[in-house]
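Just so you know, the protein sequences line up as chains A and B, in that order.
Heads up: the first sequence runs through residues 1 to 412, numbered per full-length UniProt numbering.
Heads up: the second sequence runs through residues 1 to 412, numbered per full-length UniProt numbering.
In case anyone wonders, no lab produced these hints; they're calculated from the structure.
Do not rely on the hints blindly, as some may be mistaken.
Covered stretches of chain B, as calculated for chain A (at least 3 residues, CB under 8 Å) [as the list claims (entries may be wrong)]: (1) 113–127; (2) 193–203; (3) 206–212; (4) 227–235; (5) 281–293.
Just so it is clear, CB atoms sit at the ideal spot from N, CA and C, and this is done for glycine as well.
Number of protein chains: 2
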Amino acid sequence: MTDNDTPSPSRRSLLGWGGAGLALGAAAAGGAVAMARPDDESPPNASTAVPFHGPHQAGIATPVQDRLHFAAFDVTTDDREEFVQLLKDWTQAARRMTAGHPVGDGAYGGLPEAPPDDTGEALGLKPSRLTLTIGFGPSLFEKFDLADRRPDALVDLPKFAGDALDKNRSGGDLCVQACADDPQVAVHAIRNLARIGFGKVVIRWSQLGFGKTSSTTPEAQTPRNLMGFKDGTRNIAGTETDRLRKFVWASEKDGPRWMAGGSYLVARRIRMHIETWDRTSLQEQEDIFGRDKGEGAPVGKAKERDEPFLKAMKPDAHVRLAHPDANHGATILRRGYSFTDGTDGLGRLDAGLFFLAYQRDVREGFIPIQRNLATDALNEYIQHVGSALFAIPPGVRDKDDWWGRTLFSEEA
Amino acid sequence: MTDNDTPSPSRRSLLGWGGAGLALGAAAAGGAVAMARPDDESPPNASTAVPFHGPHQAGIATPVQDRLHFAAFDVTTDDREEFVQLLKDWTQAARRMTAGHPVGDGAYGGLPEAPPDDTGEALGLKPSRLTLTIGFGPSLFEKFDLADRRPDALVDLPKFAGDALDKNRSGGDLCVQACADDPQVAVHAIRNLARIGFGKVVIRWSQLGFGKTSSTTPEAQTPRNLMGFKDGTRNIAGTETDRLRKFVWASEKDGPRWMAGGSYLVARRIRMHIETWDRTSLQEQEDIFGRDKGEGAPVGKAKERDEPFLKAMKPDAHVRLAHPDANHGATILRRGYSFTDGTDGLGRLDAGLFFLAYQRDVREGFIPIQRNLATDALNEYIQHVGSALFAIPPGVRDKDDWWGRTLFSEEA
Ligand code: HEM
Ligand code: HEM
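This is chain A alone, in the form it adopts within the complex (with noise of 0.2 Å):
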């Protein structure tokens, strides 16, 4: 049995090839393991892993990684122990995932005739800074009577103006949020959950974000949406512990006690006119968010850092409505990617922004921001065609610890 708590610099260890190799004989003589070359194309840090332990669960207010692999699943399974069980075996797994190990060790599933434990796609992979984020829905909240455990911040999501959802892309009992900087370890990560929630967990949807709009890390530079501008530049940042503390971690008051280190998490897929946007003035995309597009300079002011002066700014731009001071000091920690999926039946791309935010207080972070953007100008160039929300339980704390023990085995 290996140490699943120490972050391997690599992938490429394929320790759950190693029995494998053993087992197959002739096959396998001497190749079972794969060279460990330096692979000039990985990029930096690649190689670093994420601690999956901790207070707080990571990919809050770690640095935002480049890609996304986020899927909603139902539970399809009544069996209160077998879900449990799967979480168990989810948290399991994503420890050895987040910390660069293929999922299972030499022990098991090695065999020639048994599937592997692991899809190994992701075998040569660094870490690429993965990590897993669990969330509950509200309509997990409907099974394994879980009624009262429900945390009053959960709320029903309410209709906002323009809304055009589709329940194809909406709502999931569970969640999982796969950042990493390369996209086949997010892909791996979210597979190999599936896998092994065969038969109790079915993914409702997914979606891959293939560049980050939202950077967490002052000092970095701010990662541009697909609209051109830089997406982000206001923003918690991870180091802001204070802030943090304010706006995106739940605390024991808040209540349930079992969040009491958790957070909320709206997930919402915004659809972009691509092509109208593309033949606007300059002028009117800067009038539109209030910012300059080369700099990311507020209106009047010369650098992207420097504060906003919302007054300067049109009455329906974005910034100004999306400002805390628009929104009596409601703000939350954005953490969005951009998605392209091919083109709709018209030719046009179906392109956007997934836009995820974490707070505290749903109620008191992204539903009154969202109210108040209800006549921003950017709405003319927008759609919202997909939303979610979910509990994020607290972090695991170590190696004993499970993703929702929390919630299934504390007092409430």
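Position chain B with the ligands against the provided structure of chain A, taking the given hints into account.
Below, chain B with the ligands alone, put in the same frame as chain A:
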């Protein structure tokens, strides 16, 4: 006017915004030029630009980049002049984007009352080895009086056993393959070409590939496909001039003359039945390919690069059936990518291999091999759902040349 041919070390130079900054006055003063901050998160070599000019188009023998955005377009204009002008405009945009510059230069489009020349989301990103490769589909030759210029090798692909082709993911008058180490750079390129083509061409379908499944640099680590196997082990290397000449580049004597230095591309969207595959035993998986999963060695051999001994494999093993020895020497250059496009209506990942193969003549490349794969054991786990074929014209020679010039301007 800047020199478009000089690869820029960084898109950060923001050439496209230079003029805008001046025109915008106060809002942009001192702010129009983004800082060239070192970006710790960008991959190594990302600063490299692949030369756009040459006897062959880049993106074929070029070492395979990590990510793909592939688009098939239909032509909507009847006006040959207009279409030729589009090809010239695209060439110029491609020249700039592959060098890491935005589309257009500071002298145009930076005016606040005009839409920007470039959509902007790749500003600040490195060239990321972007290549753009154009192709002409059979249906293009039914337009613009081109019928007699259609190459004999540009056949209509026959129907193959097991094909379940979706018209909405097949065909196209034109294609552009964008490969880059950063997906945002590839997506940006396709989108800007689509935008320049507005009113003249429309995207018919497009495909994002999140991970390469082939390598054309044998010294690099072989990537793994979504079945977890190393893919692209036996491929034509970008440095094998002789084999490229023999199997990939169309020659003058193949005819037509305008195709000399070009190639033919087969694109197949191959869906994998991932969930079924994942429940298959390791032994069966290895039998199906005729290689072991950990190392990628052929049956009975120890190392990935060992020569396959076909007779040691099951008669229906993929490698045994696809190998040149089983196909009268037929050899293709594979350059495919893994895809995941969310989930289908049944909660299964819509994932697989976007297969791309280049060859001198499909009648001596893809067609015989694919016919021979009719009895492939792999067929139980895959389905071809999209198909397209394109004639890839020769490279753009210099700054006065343009994509398709030999087709549209030279004698037959
Ligand atoms: C496609 C949709 C959207 C786009 C393209 C977009 C883009 C932007 C951009 C470019 C900025 C300025 C730079 C920055 O500070 O990050 C910004 C700021 C912001 N956006 Fe959005 N946004 C979108 C949707 C939303 C939604 C749905 C919300 C929340 C309901 C939101 C909340 C915010 C907030 C809170 C700020 C920071 C305001 C400030 O403190 O100055 N955005 N957004
Ligand atoms: C999802 C579908 C496919 C998968 C997963 C797949 C996978 C593989 C794998 C793992 C190998 C062995 C390693 C290597 O040499 O690259 C291979 C070899 C090969 N495949 Fe495929 N393949 C697929 C479809 C195709 C198709 C459609 C063709 C052509 C019609 C093809 C042609 C070849 C060739 C020519 C080889 C090299 C054989 C040799 O020279 O040993 N493959 N494939």
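Consistency of the hints with the structure:
1. 113–127: holds (count 11)
2. 193–203: Satisfied; 5 residues make the cut.
3. 206–212: holds (count 5)
4. 227–235: With 3 residues closer than 8 Å to chain A, the stretch 227–235 of chain B meets the three-residue bar; holds.
5. 281–293: As far as the stretch 281–293 of chain B goes, the hint holds, because 7 residues have Cβ atoms under 8 Å from chain A.
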